[in-house]
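J.: Chain residues, written in single-letter form:
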Amino acid sequence: MQTNSQLARISAWRRTQDFFDSRLHVRLESLIVLAVLFIAMALASPYFLSVSNILNILLATSTIGILAVGTTLILTSGGLDLSIGSVLGLSGVAGAYLCVTLDLPWIMAIVGALGAGAAVGYANGLMITRLRIPAFIVTLGMLGIARGLALIIAPNGGAIYGLPAPVVFLGQGRPLGIPMPVIILALTAVAAHYILAYSKVGRHTFAIGDNESAARATGIPVQRLRQILYTLSGLSAGLAGLVFMARVNAGDPTAGYTYELTAITAAIIGGTSLFGGKGSILGAIIGAMIMGVLQNGLNLLAVQSYYQQIAIGAVLILAVYIDQLQTSKEKKA
Amino acid sequence: MSLLTIKGVTKGFGAVQVLNGVDLAIGAGSVVGLVGDNGAGKSTLMKTVTGIYGVDAGEISLNEVRINDAAPGARREMGIEMIYQDLALAKQQDVAANIFLGREPVKRAFGFLPGYVDRARMDREALKMIDRLGARIPSIHRPVGMFSGGQQQTIAIARALTFNPKLVIMDEPTAALAVREVESVLKLIRQMRDEGIAVILISHRLNDVFEVTDRIVVLRQGRIDADLVTKDTQMHEVVSYIVGAH
Numbered sequence: 000m001q002t003n004s005q006l007a008r009i010s011a012w013r014r015t016q017d018f019f020d021s022r023l024h025v026r027l028e029s030l031i032v033l034a035v036l037f038i039a040m041a042l043a044s045p046y047f048l049s050v051s052n053i054l055n056i057l058l059a060t061s062t063i064g065i066l067a068v069g070t071t072l073i074l075t076s077g078g079l080d081l082s083i084g085s086v087l088g089l090s091g092v093a094g095a096y097l098c099v100t101l102d103l104p105w106i107m108a109i110v111g112a113l114g115a116g117a118a119v120g121y122a123n124g125l126m127i128t129r130l131r132i133p134a135f136i137v138t139l140g141m142l143g144i145a146r147g148l149a150l151i152i153a154p155n156g157g158a159i160y161g162l163p164a165p166v167v168f169l170g171q172g173r174p175l176g177i178p179m180p181v182i183i184l185a186l187t188a189v190a191a192h193y194i195l196a197y198s199k200v201g202r203h204t205f206a207i208g209d210n211e212s213a214a215r216a217t218g219i220p221v222q223r224l225r226q227i228l229y230t231l232s233g234l235s236a237g238l239a240g241l242v243f244m245a246r247v248n249a250g251d252p253t254a255g256y257t258y259e260l261t262a263i264t265a266a267i268i269g270g271t272s273l274f275g276g277k278g279s280i281l282g283a284i285i286g287a288m289i290m291g292v293l294q295n296g297l298n299l300l301a302v303q304s305y306y307q308q309i310a311i312g313a314v315l316i317l318a319v320y321i322d323q324l325q326t327s328k329e330k331k332a
Numbered sequence: 000m001s002l003l004t005i006k007g008v009t010k011g012f013g014a015v016q017v018l019n020g021v022d023l024a025i026g027a028g029s030v031v032g033l034v035g036d037n038g039a040g041k042s043t044l045m046k047t048v049t050g051i052y053g054v055d056a057g058e059i060s061l062n063e064v065r066i067n068d069a070a071p072g073a074r075r076e077m078g079i080e081m082i083y084q085d086l087a088l089a090k091q092q093d094v095a096a097n098i099f100l101g102r103e104p105v106k107r108a109f110g111f112l113p114g115y116v117d118r119a120r121m122d123r124e125a126l127k128m129i130d131r132l133g134a135r136i137p138s139i140h141r142p143v144g145m146f147s148g149g150q151q152q153t154i155a156i157a158r159a160l161t162f163n164p165k166l167v168i169m170d171e172p173t174a175a176l177a178v179r180e181v182e183s184v185l186k187l188i189r190q191m192r193d194e195g196i197a198v199i200l201i202s203h204r205l206n207d208v209f210e211v212t213d214r215i216v217v218l219r220q221g222r223i224d225a226d227l228v229t230k231d232t233q234m235h236e237v238v239s240y241i242v243g244a245h
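Just so you know, the sequences run in chain order W and P. FYI, numbering that gives the first Met the number 0 numbers position 111 of the first sequence as 110, with every residue one higher than the one before it. FYI, numbering that gives the first Met the number 0 numbers position 215 of the second sequence as 214, with every residue one higher than the one before it.
Simulated from the structure, these hints should not be mistaken for lab results. There is no bait here: all hints are sound.
To give a feel for the contact side, a few chain P residues facing chain W, derived at Cβ under 10 Å:
#1 T49
#2 A73
#3 R74
#4 Y83
#5 A87
#6 A89
#7 K90
#8 A96
#9 G101
#10 E103
#11 V105
#12 H140
Think of the CB as a built atom: it goes at the ideal place given N, C-alpha and C, for glycine as much as any other residue.
One chain only, chain W, in its complex shape:
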């Protein structure tokens, strides 16, 4: 009797997991971790549960969230993009340079930031697909190149201040009380979630990350798809650079330092595999939120920031361990 009810419980859990996985394209465990953290923080700190604090968390998460969207696409395809943190810095500087230093119309700040990001992503893609250099090497090299370019463009390596009001609005505006970066993140996530979970390009992204030679054999244009994905990753870094620049009202060449690792952390906490074939945009956003809630909550509790780093590292390892446990259980079954 007892075993029967136990079995029923396990399969109900399993069914719920499957439902979240196949219908909502997000891992149930990630949502539960976020909910538990959220409740714990709300109980621990009286300041946590307020509209303004929640919006603060979302705002603080927005830049990493946008980067994590691109990172999730890349990781799901079995690729890697280490350059996005530097590209974020370069894009901000490029945008600010065009509209402040060269005094071009404000729209050029947007064109410049997004264009710089997409161009670097495209260059990464070319080197990976045409010259067949491993993605790790190409994007590690680009991490240095993009950062160096940002520092060269910025006068004396300092930030470019004084952006036009419409650009600053993208970072500091609050239509209906919601910060613009949060709105931009939401729109980006919805678009990318559609691509990865529902479009043909998304199905093919999973396929090339899972088994590249099988994908090629079934006629999927593997290299063209990789080229597109690296360009999208650069574009998302450019968008993150634009938002970051608008928020701080400056093109800062040192912005986004080590953000690539934070974005990868968010994606993996959200259930994306570092080795391809498995990934979720919603998951990445939840992963970024988990880190945001942890940081915000521990800040409110006046815990030293060193401990936050430890907490986030532990969550990352734990997330992958839970995944591993599940996989080995299923293999045995």
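Assemble the complex: chain W is given as a structure, and chain P must be docked to it using the hints.
T.: For chain P alone, coordinates are given in the frame of chain W:
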């Protein structure tokens, strides 16, 4: 008129010449066994047919139309399917995703919104094909990596048969299977022939080759060494061609 015609095909990788001028014609609804020693060029020859490899010289045509320059996806559209020895499955994706790999049906809501992959239809048709093959698969929503070798083989076969192929190339389809599973693969090959599908069977298991083929073609050092009618030949004759002792 033959369905597939291979004329004077050569292919080398760097200093290694694998195919030295292969000529072969295969008619619709015929089952041809392609045999030969390891390194004879069987898989390479078939990959030039599916478009994974280009040829250095020679011509490949389907129904008298030259297809040398068609990409693998385009050749699948024309009706050339191959079941690879490693099965070419995306192990973390589910059954339907694998059967429709590279050919996902797309649906548009209201006719103008961006298209989305029609999962419901994929699931439905995948299930239908699995049933038709008489296979038992616990759930089509599970990643295929969790299934047994025989079940994975069935999924690979289902992928090849779902889109009404004209020619199906099978690379060692029975090598990893249990006796009962081998029988069902052989039965399936006969069934395909009866439906007018041409089959090229690459196999080291000559018993299987003798059981289902109409012709046996022996490839040796990148050349066709023998083209035999199955019912007029003997196991020892085929073996002597394979080892070059004829």
